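Novice: Take a look at the letters that make up each chain.
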Amino acid sequence: MLSVFADSIIIGAGINILLALGLYFTLATGQFSVGHGGFMAIGAYTASILTVNFGWGLISAVLCGAVAASVIGVLIGLPVLRFSHLYLAMATFGFGEIVRAAFSVNDYAGGVGGLRGMQGTTAPLVLGFVTLAIVFSWLHARSRWGLACDAIRQDEDAASAMGIDVRLNKVLAFGVGAALTGIGGGLYAHHFFFIDPPTFGLQMSVAIILFVIFGGIETFWGAVLGAIVLSLLPDLFRFLKDWYLFMYGLLFVLLMIFRPQGVIDRRLLRALRARLSR
Amino acid sequence: MTRFYAVALLALLPGVAAAQAQELKIGVIYTVDGAWGSYGKKGFQGVRAAAEDINARGGVNGMKLKLVEYDNRASPGELPNIVRQLATVDNVLAIIGPNTSGEAEIVFPIANQLKVPVLGTSVAKGGILTKNRPWAFRNVMPDDLNTGPVIAQVVKEKNIKKVAVIMDVKDPVSKYMGSFFWPGLFDKVGVQNLTKTDAVTFQSGDPSVAAQVSKLKSLNPDAVVLAASPGDAAKIAIEIRRQGMKQQLLGSGALVGDEFLKSGGNAVEGAITAAQFWRENPDPKAHAYLMALEKRTGEPPVLHDAYAYDAVLAMAEAVGKGGVTNKPQYLAMDRERIRDALDGIRVAGASGAWSLDPKTGEVERPMMKALISGGKWQLTPISTSSQ
Amino acid sequence: MDLLLQQLYNGVLIGSTYALVALGFTLVLGTLDLLNFAHGETIMFSAYAGLLALLASGGSLPLAMAIAVATGALLGTAVYLGSFRFVSKKYWTAPALSTVGIALILQTGATRLWGTEQRAVPDPLGDANLQLGPISVGLSHLVILGVTVVLMLGLHLLLKRTRLGKAMRAVAENHVTAALLGVPVERTIALTFLISGILAGAAGALTSLVYHTITPFIGLNILLKGMTGMVIGGLGNVYGAMFGGVLVGMLEVLAVGYLSSSYQDVLVFAALIAVLMFKPAGFFGIQVRDRA
Chain H
1 MLSVFADSII IGAGINILLA LGLYFTLATG QFSVGHGGFM AIGAYTASIL TVNFGWGLIS
61 AVLCGAVAAS VIGVLIGLPV LRFSHLYLAM ATFGFGEIVR AAFSVNDYAG GVGGLRGMQG
121 TTAPLVLGFV TLAIVFSWLH ARSRWGLACD AIRQDEDAAS AMGIDVRLNK VLAFGVGAAL
181 TGIGGGLYAH HFFFIDPPTF GLQMSVAIIL FVIFGGIETF WGAVLGAIVL SLLPDLFRFL
241 KDWYLFMYGL LFVLLMIFRP QGVIDRRLLR ALRARLSR
Chain U
1 MTRFYAVALL ALLPGVAAAQ AQELKIGVIY TVDGAWGSYG KKGFQGVRAA AEDINARGGV
61 NGMKLKLVEY DNRASPGELP NIVRQLATVD NVLAIIGPNT SGEAEIVFPI ANQLKVPVLG
121 TSVAKGGILT KNRPWAFRNV MPDDLNTGPV IAQVVKEKNI KKVAVIMDVK DPVSKYMGSF
181 FWPGLFDKVG VQNLTKTDAV TFQSGDPSVA AQVSKLKSLN PDAVVLAASP GDAAKIAIEI
241 RRQGMKQQLL GSGALVGDEF LKSGGNAVEG AITAAQFWRE NPDPKAHAYL MALEKRTGEP
301 PVLHDAYAYD AVLAMAEAVG KGGVTNKPQY LAMDRERIRD ALDGIRVAGA SGAWSLDPKT
361 GEVERPMMKA LISGGKWQLT PISTSSQ
Chain E
1 MDLLLQQLYN GVLIGSTYAL VALGFTLVLG TLDLLNFAHG ETIMFSAYAG LLALLASGGS
61 LPLAMAIAVA TGALLGTAVY LGSFRFVSKK YWTAPALSTV GIALILQTGA TRLWGTEQRA
121 VPDPLGDANL QLGPISVGLS HLVILGVTVV LMLGLHLLLK RTRLGKAMRA VAENHVTAAL
181 LGVPVERTIA LTFLISGILA GAAGALTSLV YHTITPFIGL NILLKGMTGM VIGGLGNVYG
241 AMFGGVLVGM LEVLAVGYLS SSYQDVLVFA ALIAVLMFKP AGFFGIQVRD RA
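Residue numbers (my numbering), protein chains in the order written: chain H, 1 to 278; chain U, 1 to 387; chain E, 1 to 292.
So that you can see chain H by itself, here it is in the shape it has in the complex:
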């Protein structure tokens, strides 16, 4: 039986892996969303209201939150289909802010005072979700669906010419991505015991982006690795005290200069596979 502290670290990292994978699925089709905090919020609030106000069990509440988030994901995915990267980024950012603002004025969901009273995440539960998500991502990468996403990300027109239903895949990417992020949100609420609208604002969306960008945008393993490393960083670098955020920013500037594709990229993955199969 692991210690309470180790449990807490594992749960935190696990939640971040789910959030990162959620963004990865959307990113995989070349859609750079700056508003995934919004999906996280929907998952978190839905699950929390269900457990606190209606006494639902945690797993069903979280799954329900995921469904809610993915419905909104599809609703967002549809209108932004024809947006270019820049517009998509701004539109999704606007979406994230609208969600935050909407929860702020909704007093049933706690308004600016927030919701409290959630609890019940355990390491096995979170690891269970993480395992399922990783298996799902792995299957996706090896499937035709995964290849289609890749093709879309590389060149939409060519993919469409090859017979891939670009619109369906892009909307699906939002739906699936939102669902995973929503699960992460639901678990987050029950691990932190308290949520309020600012929790899910731009800072959170950027943090999730950083997980994926740092780890590597080309494969889902990048999202996993980025989430794990950046979750452990605060505890490891506690000695930096005041200058931690500063170093974080510097890390990103340097990363973009020297290794913009993130830590893990296709080449590295192939090299690792080659070595492992010897």
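None of these hints come from the bench; they were simulated from the model. These numbers come from a predicted model, not from an experiment. Glycine included, C-beta positions come from ideal geometry on N, C-alpha and C. One or more of the hints may lead you astray.
[Unchecked claim] Derived SDA-like pairs: lysine to any residue, alpha-carbon spacing no greater than 20 Å straight-line:
hint	chain 1	residue 1	chain 2	residue 2
1	U	Lys156	U	Asn193
2	U	Lys25	H	Val4
3	E	Lys89	H	Gln154
[Said to hold, decoys possible] A partial selection of chain E residues facing chain H, derived with a Cβ cut-off under 8 Å:
hint	residue
4	Leu35
5	Val87
6	Trp92
7	Thr93
8	Gly101
9	Leu104
10	Ile105
[To be verified] Label pairs and their calculated CB-CB ranges:
hint	chain 1	residue 1	chain 2	residue 2	range
11	H	Asp265	E	Leu5	21 to 27 Å
12	E	Asn221	H	Asp235	27 to 33 Å
13	H	Arg273	E	Pro184	44 to 50 Å
14	H	Ile59	E	Asn174	53 to 59 Å
15	E	Asn221	H	Asp157	36 to 42 Å
16	H	Arg259	E	Leu3	53 to 59 Å
Use these hints to put chains U and E onto chain H, whose structure you have.
Specialist: Coordinates of chains U and E only, in the frame set by chain H:
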């Protein structure tokens, strides 16, 4: 050769363990980052000063206090791990902190769940303790309890008949004050609240409040109530004066401090608020503690370091009177003893004489009126009447 | 009616500062397709530099402006180097993300240097107020409006009448063609960042005068307003940015004055998305390249 060092190290260990068993570990969570970083900066200064002073006097029951400090870097994300680390790895007897009510919403339930006493020194949101008893306490008065009796008296004295309230809808404390507390108070004392149905609102961090102030001006009240954090309130006050309004400014205890005073400058001259911390307290004991605190920090004490100082005093008192053994195998029992000692504890510290209610964990302090006059805060105690 | 006039005036004043923000932002966006997330923090940092100069010189507004503008120019160049010059364009997200990193560095640096509390910005022209009929106008407002107009005019002349302006417009159309035509692309880009930084510096000084106080956290809020103004006016369109900024200021003031600030954010971002969906070119038409 390595064997020699290994043996020497082993020989030293019992000594180290013995020395550690003599230390009373108190956890501290604040942050010097973020918009409320000054609370944390002062918080750390206050707890360190108190610990040094107490240890200089020999500690508690022969044991020295040791503060185990964590800075959560304005990130709520680090709090679950920090609280659990303090509780189960560092094995502290109790926790002091954190900076803000939002962070306390995360820290208090976890501490409550892990059965560790936690005392907030700058956590002012109403109702935050009720779900986190019996392990959560705070020695700072929530805004609404502090302000009611004081302002009720003020509106009578100044013959104020009509007020307009401007509130921050993004900050939970201000929103609560503006939506419930102030309207309720004015209803009770028979003052007409011009913004009762049509509220004048802004959001924390809004750069400009010119539109809101123009609206206030058009209502023509006798006084304007600022339901906002100190920095924003100062900004509003400046705009109020700039637009030529001369009304009396009123606020809650949340405004007292350097930020409102310095940022507001001339604009806040004459403003009246409630207060709970009295820097010029003539009581000799409080004065002595305040001097000691100022000596350690090099700056005049404010609410946050004084309350943090007193939090450590309270913990020391609880440890001493509560019969804490400080033996690792009795950690759970020791924490219970501290919790029981904190129920109803009476402390005479840097912030004067205060006590914690055994049922609610809230603090009882004398009430004060604060007026900005001649560029300084002037505090006068008022007699507490039941609200 | 009196209140309405005052509110309209408030709107124009605030809107002109947003317009300055939008201008700097849109210049870089138009030429480079780059969302410079460090723009807001550049404005904030320059505002602090200007404030310190103002305090040190005992209230000299020209000096404060000069220092703020210089700081902005410096930071603009830093962004150029850190997020563009040395960053591979192969990953189109890399430059934008690098600006996020720079924004973080600037914000943390500011909190370390100057603390997290609000700092008052003294009005160098005193509390002097003019009463123009029902409208209360601060003396400093006249300076702010004046400087804003001069800057916009200057930018217009730069773009339409100078070689540099022509080069900037050519690069905004198409880097490759511009290079083929003999335009010094790299240098033009560097100068674009510099000018954007100058505008940011000016915006910093002026906004801090309008708002009376500054904190290290105003950067994001200001950037959002500028971004919305830019979208409404049309991405990459300089004149659109001017119009869009003022429009956002007016909308905001009227929403706050007559509705409730709770819905302010929802309205602004809904407007943003609506414009993106139905009139993506903004009201003035688009001038930015569309990336595949």
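Novice: Looking at the structure, which of the earlier hints fail to hold?
Specialist: Going through the list in order, the structure violates hint 11 alone and respects the others.
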